[in-house]
Every structure is written in structure tokens, then in C-alpha cells.
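Asker: The lines below spell out each chain.
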Amino acid sequence: MNWTLTLWRLASFAVAAGLIALWQLIANLKLASPVFLPGPDRAWAALMRGFSNGTLLEKTIGTLEHMFYGWLVASVVGIALGAMIGSSRAMRSYVAPSLEFLRPLPVSAIIPVAIALFGLTQGMALFVIAFGAIWPMLLATVHGFGAVEPRLYEVARSLHMSRLAVIFKIALPSASPDIISGMRLSLTVSLILAVVCEILAGLDGLGHWVLLSARAFRSPDLFAGVILLGAIGYVTALAMSLVEQRLLRWRTSGH
Amino acid sequence: MTSIALRKDTPSAQLEKSQIAFSHVTLDLGGKTIIENVSLDVKPGEFLCIIGASGCGKTTALRLAAGLYQPTSGNVSFDGEPMRAPRRDVAIVFQDYGKALLPWRTAAGNVALALETIGMPKAQRPARIDELLKKVGLPHHAAKYPAEMSGGMQQRLQIARCLAQEPKALLMDEPFGALDAMTRQGLQDEVLSLLDASKATVIFVTHDLEEAIYLGDRVVGLLPHPGRIGIDLKINLPRPRDQLTTRENPEFLRLRRELFDFIKASEA
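Order-wise, the sequence lines are chains Y and P.
Heads up: the first sequence is residues 1 to 255, going by the working numbering.
Heads up: the second sequence is residues 1001 to 1268, going by the working numbering.
It cannot be assumed that every hint is accurate.
A few chain P residues facing chain Y, derived, Cβ under 7 Å [claimed, not checked]: (1) Arg-1088; (2) Ile-1092; (3) Pro-1103; (4) Trp-1104.
These are computed hints drawn from the structure, not numbers from a lab.
Ideal placement from N, C-alpha and C gives every residue a C-beta, glycine not left out.
Here chain Y stands alone, though its shape is the one from the complex (with noise of 0.2 Å):
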């Protein structure tokens, strides 16, 4: 069984080579502009260079810090206001219509709400990250507290638990799967708005730096910003699904 796993790693990984590869084909060729279009050698070069002296460092830093606070600020607002939401059946359907205007909302149409109250700011920013993130989490928690077994709120009356205690012991643990999936989703968009916001506002990140290297032309610092950002996709991912797998032990011990 680990054998065959092996090889379906082996074989992704030879997917991801060949694109490579192509991509370098194609640079050589020149079937593109070399002013638009490097190589990955030329790429990775920017890479490394923006590296060692260390301004693609303080981008990456910069753009993980606005995905990152405001993916915080959607979690805990989302979370709490999911469990408020769906804990009670009477607050769900009074506030799903409005929930079902607002979702479906484009955050980009947001956008310059969020300036006009806030001005090119951080503030800015956050708002429209944690707006933008806010919907998969709530979502998902107002499904996971209204989907609780009933039987387990009587197992509690029966033992007498506290409004708290029920939602920590009981509600909570029991929407899990479904808040953490929402938290992988808000990660995703987190990262998309953080790039956007900065491109927009000049926020330093690698979205500036990105918009930047494209006006000057500077296409190998272009690709090395695409490539970090496409980096921090996958590692964020990653890291979500481990904690996933760690915090949803009990889901998948069966036998």
C-alpha cells in the first residue's frame, strides 16, 4: 500500500518537472518575448537574488501578515457569530435572509466602500480581508451548530449543563469539521484579498512588488513574486489540512 503511494508521489512530482520543463522549452525558443516571459533558471535567479538581499523576504512577511490578521479577525467574528446564529432556530431565520444578500456580494465591489471609510490604510485592508473571508466560516459554523444531534442537547438537560458548557462541550466540537473546512476556504481568500488590497492601496507585500516588477518590466522578479505567492497557497493548505487531521482524529479512527 505505501509502494503504490510512493509512486503516485513519484508520478506528481514528474508532472510537476515536465511543466517545468516545458516552461523552460518555450523560454529557449523564444516563442515568447524574453521581456515578458523568463525562464525558470531566470526566475528562480530573481528568487534567490530578492532573497539574499532580502526585500522578497519583507514582501512575503508583509503579505502573510494581511492574510493572516485578517483571516484571524473572520475566524473569531465569524466563529462567535456563527454560534450565536446557529444555536438558536429563531435567530437563523431571521438573519439567513440578510446572510443570503450579503454572501453572494462580489468583496470587490467592497473594495471601495472599505477605501472611501478607511483611506489607502491597513485598516483598509483588514477590513476587507476579514469581510471577504468572514462568509465560508459563518456559513459553515451556522450549518455545523444547527446540524448538532439532538440527542446530545439532551444528554445535557439530563445532566443539568450550563449554557457554556454546552456550547464548548457539546456544540462546538460537534461543528468542528464543518468550521475548520470553512477555515481552509477563508485561508484561500484571505490570500487572494491580501494581493488585491495591495496592488490597490500600495500596501507592501508581494502583490505591490508583483504590480511593480510588471510596470518596470522586470519579468524574472515578476515570476519569483508569482511563485512565492503560489508557495504561500500551498504551505498554508498544508499546514490547515495537518491541523485538520490532528484536531479530527476521532472522525477518521474507525474501523
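Since the structure of chain Y is already known, use the hints to place chain P on it.
Answerer: Only chain P this time, still in chain Y's reference frame:
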């Protein structure tokens, strides 16, 4: 504890006080009368079994006793006090053990839930958990999650959690209904020996007539549509009961015949 034992030994006291009392209880749910004019007294330490055809309101009666439902008219009382809400000293063993356990907590964690709520200091919990798990025959499964346990083990775990509440009464809703025959018989004997130690009052709902006779001091049969008491039998079989000799006892066979005829007549 001593007072209960005393009452058991003195018939005069036993006559006076009942632990769980239904008095002219009627329950309507969704415009339908589910239980009609049921009066029932359960003495402290008594093991009462409720049987009846499906849909006769057995489970509903149990939920009334638990305080999970409130009667439309009449009243349910426990130790003389009206039962307005579930009580911590009345534990409920649900039939669907898979839904009544916390899947994200281990066996030890599930028992701990009850200990946490009764406010036992953290330092005392591990010893109590070990003791309870040992009592229900799960001493080596403390670290397992419910999903890793068989149905019989999960039901034992639920019973352990109920015992952690230190209940005066145990309400059991077809607790072994979903288990295979062998597991079932094993658990019947374990429940009897557990109760021998704890002296709790029991209401045990089952659709298995033999199980009711085997376990109970008394068997009440309900008639359906709406649910009302149709038969109330005292079970005078010697204790401790034994899976072979008790079930071969002529009195056992006579009672089985009587209940069987009752069910047959109630379904007609």
C-alpha cells in the same frame, strides 16, 4: 442509601412512598393523544419493565418520567416533587448509543463529561473513571473513541456515563434493542449485577417480553392508540436470575404466555 435499603426491607414503608409517580398523566403531541390517563407508582429500588406493541407510547412514557416531556394534564413526580425538567439524579440510557456519546471524546472523556458537570475535582476524576469503566467491563478501552468500539461496548460506555451521575433512578429506553442476542444476554446480567450494587430504581422499556420478565420486579404492558396501561404483573421469580434456570422456570413460562397473549390481543 441506607434509607432506600430500609424501605426495601419494610413493606409498610414501601407502601407509603413511591419514587416515580404518574398520576392521571395525559400527553398530547401534535394534536394526537399519545398517552392517556396513566397512573403508575414505582417504588424506590424497584425494577419496572414497560412493554407494548410498537407505537403504544413506551418511549414517550419514559421521556415523561425523565422530564424531557411535560404532561398535558396530570402530573409526574419524583420523590414527591413534580418533575418539571430532567434531574441530574435521574439518568437516561438512550437506545441509540451512537448518537448519545460524544464521538470526539474517548471512552474516558465521555465518562468525564458527567463528572465535570457534577463538579468533581479534576484530581479525583481519573480514579473514578477507571472504576466506572471497570464496572461496565471496559477497563482496557479508556483511550478508545466510540467509533473504535462495538455497539455493545458503546452501550456499556453510555451506562458508565449514566452511573457517573450517581443516579437514584435509571431510565433505559430499549437499551439492548440494537444488539445481537449473545451481547444482549451478557449485558442483561451485567445490568442486574450493577443495580444490585447501586440499588437504583429502574424503568426499562423493551419490546422483548422475555427480557422484561427476566430483568423486572414488575412488568407493565401498554395498550396502543392512545397509550394506556393494559396489564400490570408482579414478577415473583427468585434472584439472582440465571439465563438458563430462570428462563426454564414454569412461572417464567406462564408469565411469558400471559404477556404474549396480552400483546396479541392489543394488536388485534
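Asker: Holds or violated: is the Cβ of P/Arg-1088 closer than 7 Å to a Cβ in chain Y?
Answerer: At about 5 Å, which falls below the 7 Å cut-off, the nearest Cβ of chain Y leaves the hint on P/Arg-1088 intact, so it holds.
Asker: Quick check on the hint: P/Pro-1103 CB to chain Y CB, less than 7 Å?
Answerer: At about 6 Å, which falls below the 7 Å cut-off, the nearest Cβ of chain Y leaves the hint on P/Pro-1103 intact, so it holds.
Asker: Let me know if the C-beta of P/Ile-1092 comes in closer than 7 Å to any C-beta of chain Y, holds or violated.
Answerer: OK, holds: P/Ile-1092 within 7 Å of chain Y, min 5 Å.
Asker: Is the interface hint satisfied for P/Trp-1104? The criterion is a beta-carbon contact with chain Y at less than 7 Å.
Answerer: Constraint on P/Trp-1104 satisfied, holds at 5 Å.
The structure agrees with every numbered hint stated previously.
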